[in-house]
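Number of protein chains: 2
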Amino acid sequence: MAPTLLSPDCSTSATTARHLIPLTRKLLCPTTRLVSFERSLSSPWTPSLCLSPSVSKYRTAVSAADSSSMTTTATTANIIDGKLISKQIKDEVSAEVVRLKEATGVVPGLAVILVGSRKDSQTYVRNKKKACEAVGIKSYEANLPEDCTEAEVLRHIEEFNKDPEVHGILVQLPLPRHMNEERILTGVSIQKDVDGFHPLNIGRLAMQGRDPLFVPCTPKGCIELLHRYNIDIKEKRAVVIGRSNIVGMPAALLLQKANATVSMVHSYTKFPEEITRQADIVISAAGVANLVRGDWLKPGAVVIDVGINPVDDADNPRGYRLVGDVNFEEASKVASYITPVPGGVGPMTIAMLLSNTLLSAQRIHNFK
Amino acid sequence: MAPTLLSPDCSTSATTARHLIPLTRKLLCPTTRLVSFERSLSSPWTPSLCLSPSVSKYRTAVSAADSSSMTTTATTANIIDGKLISKQIKDEVSAEVVRLKEATGVVPGLAVILVGSRKDSQTYVRNKKKACEAVGIKSYEANLPEDCTEAEVLRHIEEFNKDPEVHGILVQLPLPRHMNEERILTGVSIQKDVDGFHPLNIGRLAMQGRDPLFVPCTPKGCIELLHRYNIDIKEKRAVVIGRSNIVGMPAALLLQKANATVSMVHSYTKFPEEITRQADIVISAAGVANLVRGDWLKPGAVVIDVGINPVDDADNPRGYRLVGDVNFEEASKVASYITPVPGGVGPMTIAMLLSNTLLSAQRIHNFK
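From first to last, the protein sequence lines are chains A and B. Per this note's numbering: the first sequence = residues 1 to 368. Per this note's numbering: the second sequence = residues 1001 to 1368.
Watch out, some of these pointers could steer you wrong.
Calculated lysine-lysine pairs in the DSS-like style (CA-CA distance at most 30 Å, straight line) [as the list claims (entries may be wrong)]:
id: 1; chain 1: B; residue 1: Lys1270; chain 2: A; residue 2: Lys270
id: 2; chain 1: A; residue 1: Lys162; chain 2: B; residue 2: Lys1162
id: 3; chain 1: B; residue 1: Lys1087; chain 2: B; residue 2: Lys1129
id: 4; chain 1: A; residue 1: Lys83; chain 2: A; residue 2: Lys129
id: 5; chain 1: A; residue 1: Lys298; chain 2: B; residue 2: Lys1298
Derived, one-sided and incomplete: chain B residues facing chain A with beta-carbon distance under 7 Å [claimed, not checked]:
id: 6; residue: Asn1180
id: 7; residue: Pro1199
id: 8; residue: Ala1206
id: 9; residue: Gln1208
id: 10; residue: Asn1245
id: 11; residue: Val1262
id: 12; residue: Met1264
id: 13; residue: Lys1270
Examples of chain B residues lying across from chain A (beta carbon under 8 Å, computed) [said to hold, decoys possible]:
id: 14; residue: Gly1203
id: 15; residue: Met1207
id: 16; residue: Arg1243
id: 17; residue: Thr1269
id: 18; residue: Ile1275
id: 19; residue: Val1288
id: 20; residue: Asn1290
In case anyone wonders, no lab produced these hints; they're calculated from the structure. Computed from a prediction, not measured in an experiment: that's the story for all the values here. We put the beta carbon where it would ideally sit given N, CA and C, even for glycine.
Let the sequences and hints guide you as you build the complete structure.
Here you go:
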């Protein structure tokens, strides 16, 4: 399955996107890449504290040379701009929503079921609602108390399953502990499973010659970023770090469907850095800050960082900041392309959710 | 999911199996392994035809030394005996069938649907029937003509779905070309999908924290061989060659569920030998004779060869013989364990089908 977002009718704007991006690229030449100034200073075999004055003088001169060379020839990865791409996708979805409505009168609808009152979940749901409004998708909501029963949640799912105005249903995770997540997610009609978490969808994703009705949003977003930046996947070595049901595993299946040779790295992997260093494409979804260092990467690798990890930061008014799994400073000196955190994969998830909801409405109404 | 075949009640015979096998093992010490006699003679840098008599004499002495060392210290892989293991499994299934019948009166039943008159398919179906009889599983058959309709096949599937005496349903593949394989296989009730090919089963196999109702027979057989020979999977590097829906892909998912670090090699993989050489466990299901050479393997690797490929053989009355994907002669000098072809994975497929049918009957009748 080619995980392209666009229906054939959107191909013009996709071409525009592809056309714009190369203008901002820098030429990559991994073989002439130099060790960075910071690295040469902190290099373990020349500890500055024990240098004699003459050696110290020599070191300073070398460092200056390194530094000046770096500014002219050292490479810095191209930034994969998830904000920009997600904006383009939302614009494309918005245009398609108008086209669908004008031709058929149908307005795509997305229903979100929120159980309990977790602040983060409430924020996510609010953001999804706003994003729907912005592209003309109607949103529906069921807010259920923390102590409601599984049967009540399933009853709401069943109502949305039957409602012809709802084309996508999303159950906000995590659910309260007394509920069986599998049973609830499997209750969502596979025709409206815009999250793509139904095992039937995952099975089809894994199988050759089968296509899922929906691809989970975050991994779909990762692959879409590669497509929009014209990064080939076929015949490439790819490493996925982390094997969660919602990101790592489906990302690996998508890469594999696109004919990459995929290795999955996880908490039981010995020497993950050795395997990762072989990859042309790295997708990291481990949820561990600073896990992927510069020396984990092959020069010129493409790095997609799905991690969103809070780390203490006294300078930040909230007392923390969000970072990815990848040490950006190091990795951006080795990679050819890299996603920042925030502003990389993050904005793509909602964009893909909107895209899946549109796709569902188009499919249900047999609109092409 | 631990892909063990045995119910707790069978644990005694499993222990016996594990106890028997180590007695036939040889001590493996890859670091002291020597190049084999045949290899040193055919070594490209000492072509025997252009040696001077003195050099030739020297070479003979060295070769003799190599040869004598080889007989005492060179390693030859342990043979993983699929015939023996499948026999043990059939005996265990047979004992469980008796126990189930005595306790509940239920006899497990397997229905096979055969469409058309392909000779190889007829042979497979006959063998399955015989194997069922041997362990006390009742077999049911529907033989349909080549030109029957998809609806007719689906009607037979539906009948078997409803029949309480049938616990497993198997549609013999390949189907005639005018039929949609996906639609037909998806018609089999997931409760009776003993082949494990339903996308819902594959999805559950792929997902963390979910278990399929059935694991496809051939890959389950591969993993069972590893278990019965006490070969650890957890934390090991594994390479699966080939990504078919019936072997390669589910084998990779099983290895991954057992916490190996898995890479999938396929026809779009560049330098497959480099990746394969990193693996502690290699499962080859490419269907290409002689694909995996000795130098594709890490010394001490465990090699499971799923390939069954006919190659011309004038000495054979049939004019051909069956070989695996792996060059056995070369590989057995490098690997620590290896399956032969025939007599390796082959006999395991039917054994696992019987095991899945028993499992289904036990589950449907809530018998433990």
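Evaluation of the provided hints:
This hinted pair checks out: B:Lys1270 and A:Lys270 have alpha carbons roughly 24 Å apart, not beyond 30 Å. For the hint pairing A:Lys162 with B:Lys1162, the CA-to-CA distance comes to about 27 Å; that is within 30 Å, so the pair holds. For the given pair, B:Lys1087 sits about 16 Å from B:Lys1129 by alpha-carbon distance, which is consistent with the 30 Å threshold. Taken as a hint, the A:Lys83 and A:Lys129 pair is honoured in the structure, with Cα atoms around 18 Å apart against an allowance of 30 Å.
With a CA separation close to 23 Å, the supplied pair A:Lys298 and B:Lys1298 stays within the 30 Å bound. Because the beta carbon of B:Asn1180 sits about 11 Å from the nearest beta carbon in chain A, more than 7 Å, this interface hint is broken. For B:Pro1199, the interface hint holds, since its Cβ comes within 7 Å of a Cβ in chain A; the closest pair sits about 3 Å apart. Nearest Cβ of chain A to the Cβ of B:Ala1206: about 5 Å, under the 7 Å cut. The hint holds.
About 6 Å separates the beta-carbon of B:Gln1208 from the nearest beta-carbon of chain A, less than 7 Å, and the hint is met. Annotation: B:Asn1245 was flagged as interfacial toward chain A, and the flag holds, the nearest CB pair being 5 Å apart, inside 7 Å. A distance limit of 7 Å between C-beta atoms decides the matter here; for B:Val1262 the minimum to chain A is near 6 Å, and the interface restraint holds. A cut of 7 Å between beta carbons decides the hint on B:Met1264: the least distance to chain A is about 6 Å, and the hint holds.
The interface hint given for B:Lys1270 is met, as the beta carbon of that residue sits about 6 Å from the closest beta carbon of chain A, less than 7 Å. A cut of 8 Å between beta carbons decides the hint on B:Gly1203: the least distance to chain A is about 3 Å, and the hint holds. Residue-level restraint check for B:Met1207 holds (minimum Cβ-Cβ distance to chain A is 5 Å; threshold 8 Å). Look at B:Arg1243: its Cβ gets to within about 7 Å of chain A, closer than 8 Å, so that hint holds up.
For B:Thr1269, the shortest C-beta to C-beta distance to chain A is roughly 4 Å, which falls under 8 Å, so the interface hint holds. Hint status for B:Ile1275: holds, given a least beta-carbon distance of 7 Å to chain A, under 8 Å. Hint status for B:Val1288 relative to chain A: violated, with the closest Cβ pair at about 17 Å, above 8 Å. Look at B:Asn1290: its Cβ only gets to about 21 Å from chain A, farther than 8 Å, so that hint breaks.
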